[in-house]
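Asks: Chain residues, written in single-letter form:
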Amino acid sequence: MFLQDAPEGGVQYWELLVSGLGWTLAVSACAWVIALLLGSAIGTLRTTHRAWVTRVGNAWVELFRNIPLLVQMFLWYFVAPEFVPALKSWVIAADPAHAQFLSAVLCLGLFTSARIAEQVRAGIQSLPQGQRLAGMALGLREPQVYRYVLLPMAFRIIIPPLTSETMNLIKNSSIALTIGLAELTFRAREIGEYTFHFFEAFSAATLIYVAIAMAANRVMALVERRTAVPGYIAHGAK
Amino acid sequence: MAASVDVRNLEHSYGVQRVVRGLSFTLDQGAIGCLLGPSGCGKTTVLRCLAGFEPVQGGSIALAGREVSAPGRIVPPEARRIGMVFQDYALFPHLCVAANVGFAFGRRPSPDQHRRVAEMLSLVGLEGAARTYPHELSGGQQQRVALARALAPEPDLLLLDEPFSNLDVDLRERLSLEVRSIIKATGTTAILVTHDQHEAFAIADEIGIMHEGRIEQWDSPYDLYHQPTTRFIADFVGQGVFLRGIVAGPARVVTELGDLDTGAPLLAADGYAVDVLVRPDDIVHDDAAPWQAEVVAKAFRGADFLYTLVLPSGSRVLSLVPSHHNHALGEKIGIRLAIDHVVAFPAAS
Numbered sequence: 523m524f525l526q527d528a529p530e531g532g533v534q535y536w537e538l539l540v541s542g543l544g545w546t547l548a549v550s551a552c553a554w555v556i557a558l559l560l561g562s563a564i565g566t567l568r569t570t571h572r573a574w575v576t577r578v579g580n581a582w583v584e585l586f587r588n589i590p591l592l593v594q595m596f597l598w599y600f601v602a603p604e605f606v607p608a609l610k611s612w613v614i615a616a617d618p619a620h621a622q623f624l625s626a627v628l629c630l631g632l633f634t635s636a637r638i639a640e641q642v643r644a645g646i647q648s649l650p651q652g653q654r655l656a657g658m659a660l661g662l663r664e665p666q667v668y669r670y671v672l673l674p675m676a677f678r679i680i681i682p683p684l685t686s687e688t689m690n691l692i693k694n695s696s697i698a699l700t701i702g703l704a705e706l707t708f709r710a711r712e713i714g715e716y717t718f719h720f721f722e723a724f725s726a727a728t729l730i731y732v733a734i735a736m737a738a739n740r741v742m743a744l745v746e747r748r749t750a751v752p753g754y755i756a757h758g759a760k
Numbered sequence: 278m279a280a281s282v283d284v285r286n287l288e289h290s291y292g293v294q295r296v297v298r299g300l301s302f303t304l305d306q307g308a309i310g311c312l313l314g315p316s317g318c319g320k321t322t323v324l325r326c327l328a329g330f331e332p333v334q335g336g337s338i339a340l341a342g343r344e345v346s347a348p349g350r351i352v353p354p355e356a357r358r359i360g361m362v363f364q365d366y367a368l369f370p371h372l373c374v375a376a377n378v379g380f381a382f383g384r385r386p387s388p389d390q391h392r393r394v395a396e397m398l399s400l401v402g403l404e405g406a407a408r409t410y411p412h413e414l415s416g417g418q419q420q421r422v423a424l425a426r427a428l429a430p431e432p433d434l435l436l437l438d439e440p441f442s443n444l445d446v447d448l449r450e451r452l453s454l455e456v457r458s459i460i461k462a463t464g465t466t467a468i469l470v471t472h473d474q475h476e477a478f479a480i481a482d483e484i485g486i487m488h489e490g491r492i493e494q495w496d497s498p499y500d501l502y503h504q505p506t507t508r509f510i511a512d513f514v515g516q517g518v519f520l521r522g523i524v525a526g527p528a529r530v531v532t533e534l535g536d537l538d539t540g541a542p543l544l545a546a547d548g549y550a551v552d553v554l555v556r557p558d559d560i561v562h563d564d565a566a567p568w569q570a571e572v573v574a575k576a577f578r579g580a581d582f583l584y585t586l587v588l589p590s591g592s593r594v595l596s597l598v599p600s601h602h603n604h605a606l607g608e609k610i611g612i613r614l615a616i617d618h619v620v621a622f623p624a625a626s
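For the protein sequence lines, the chains are A and B, in the order given.
Take 523 as the starting number for the first sequence in my numbering and just add one per residue.
Take 278 as the starting number for the second sequence in my numbering and just add one per residue.
In short, the hints are calculated from the structure, not lab data.
Since the model is a prediction, treat every value here as computed from it, not as a measurement.
All C-beta atoms, glycine included, are put in the ideal place defined by N, C-alpha and C.
Among these hints, one or two may not hold up.
Some chain A residues judged to face chain B by a derived CB distance under 10 Å, without partners named [what the hints assert, rightly or not]: (1) N588; (2) M658; (3) L660; (4) L662; (5) R663; (6) V667; (7) V671; (8) P674; (9) R678; (10) P682; (11) V751; (12) P752; (13) Y754.
In silico contact screen, one side only, chain A against chain B (beta carbon under 8 Å); selected entries [said to hold, decoys possible]: (14) P650; (15) G652; (16) G753.
Based on the provided sequences and hints, a complete structural model is requested.
Replies: Here is the structure:
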């Protein structure tokens, strides 16, 4: 069935799945980079002792955590351009796929950044108070204490929850079909509608999602083993 | 010579609670001082003020002649040239021992600094452990790494916060002597905070006993034990009990266990009731002595017994007796006083 020609574009159905997979990977990868960078920065700021910085961080986390992901997707795609004229004219002129891609990346990246920020904060706060003081007593200023003392350990500690977050992000990218991005779930549904073989189409999509998620999991496990501190966490993930 | 550490009328509060109340002391270059006191007396807060982790609300702190803390003015910890050993050591778990010790030198230490790290590791007896990680070491070894790390940048002042509390008792005694010799070998001025007087006695040249946010007495360990200036200190340092006595002459006190010559004139009139401090080693077991006391409790401590004795009047005293004198509970034994330094306070009502 996957080797049959699709009704449009002169491609076979399996090629539609591959193109969907490409979008899924692209959205996930870009969103992951944004989420990790922003999440780390905001999570770190929330552990400093400056009241207004902490408040901005908290507001960020609550904002993106408390609105349903689907709603956020619509807000980024349909509502945000209304407030930014330059963005609106670009959305109208550009290839719709580009606008959908940008919205999906922003939506997933910011949503996940709030969750990663929580984990980074928890990771830093799980370290004994003495670590920060020891860094200061040895002549480090606050940013250096974070860079050389706190974050290296905090990130090692939060690798397991970061792994789940990465896998969640990949699976959440399927929400982008609601704004028309032709990613994997979108293509599976399309194939089902053309051929009425929904079972096969979604089985294929499911297997592909499982494969990506497991690959992400293996990569994170490798990172965890590579960065394991001798004697500290007895066994890294197997 | 200017004092290396000069603390004057230090005040610190957490909210409305005044934790440090007008505390002062000075410490000379190269000396090891100790703040000793029960938990909650404010000693750790003083250490945190010295390190620059806490602002001060009154008084001042000067290190090596430079004022570093005063109300509204605080030199940050990283600019104080201090080294600190924490209660839980606070080694950096993701760095090997050599990187921990060389931490203050940054990520690319110069050859000189490399040499310094090697020197410090050999000073603390961990030459072979440079490439191991903190969590692969025993508690005692971790503590020595912490000490080497704090001393490596040649700080003006070394601060130690209950450094032995995580170690078992045997190790504690041995390590405290070792730590003293390491600090002395580098000539660093140091301040230790602890609630354990054995530790304080083993390490410090001078000890300040803290009570309710103040230093009640600042003295050598020997003088603290033998010449406590207040009742609190007499009680807190070492073991001992108070025995009621009556002043009978310019330098004479009459007690149930005989007359005592106080050596120096007492500032009390005849007939005035006083409490005389009696340490366990001040009471000697002597079968020929005219005084008898009943054994009501005994603790075997290897080389000696610590007997709790009841005098005919009902007063209790402690006595340290060589362990070949094994007496049963309820037995009456002969004792006499052998006090070198008589310490007496006005009788408590």
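Asks: Give a verdict on every hint.
Replies: Against the structure, the hints:
Violation of the interface hint for A/N588 is found here, the shortest Cβ-Cβ separation to chain B being roughly 34 Å, above the 10 Å cut-off. Residue-level restraint check for A/M658 holds (minimum Cβ-Cβ distance to chain B is 4 Å; threshold 10 Å). Interface hint at A/L660: satisfied, since its Cβ lies 4 Å from the closest Cβ of chain B, which is below the 10 Å cut-off. Taken as an interface hint, A/L662 checks out: its beta carbon lies about 6 Å from the nearest beta carbon of chain B, inside 10 Å.
A least Cβ separation of about 6 Å between A/R663 and chain B falls short of the 10 Å threshold, and the interface hint therefore holds. The interface hint given for A/V667 holds, since its Cβ lies 9 Å from the closest Cβ of chain B, which is under the 10 Å cut-off. Interface restraint check for A/V671: the shortest CB-CB distance to chain B comes to about 6 Å, inside 10 Å, so the restraint holds. Because the smallest distance between the Cβ of A/P674 and any Cβ of chain B comes to about 5 Å, under 10 Å, the interface hint for this residue holds.
A cut of 10 Å between beta carbons decides the hint on A/R678: the least distance to chain B is about 7 Å, and the hint holds. A distance limit of 10 Å between C-beta atoms decides the matter here; for A/P682 the minimum to chain B is near 17 Å, and the interface restraint is violated. Interface hint at A/V751: satisfied, since its Cβ lies 5 Å from the closest Cβ of chain B, which is below the 10 Å cut-off. Checking A/P752 against chain B: minimum C-beta separation of about 4 Å stays under 10 Å; hint holds.
Interface hint at A/Y754: satisfied, since its Cβ lies 5 Å from the closest Cβ of chain B, which is below the 10 Å cut-off. Evaluation of the A/P650 hint against chain B yields a held restraint, the C-beta minimum of about 6 Å falling below 8 Å. For A/G652, the interface hint holds, since its Cβ comes within 8 Å of a Cβ in chain B; the closest pair sits about 3 Å apart. A distance limit of 8 Å between C-beta atoms decides the matter here; for A/G753 the minimum to chain B is near 3 Å, and the interface restraint holds.
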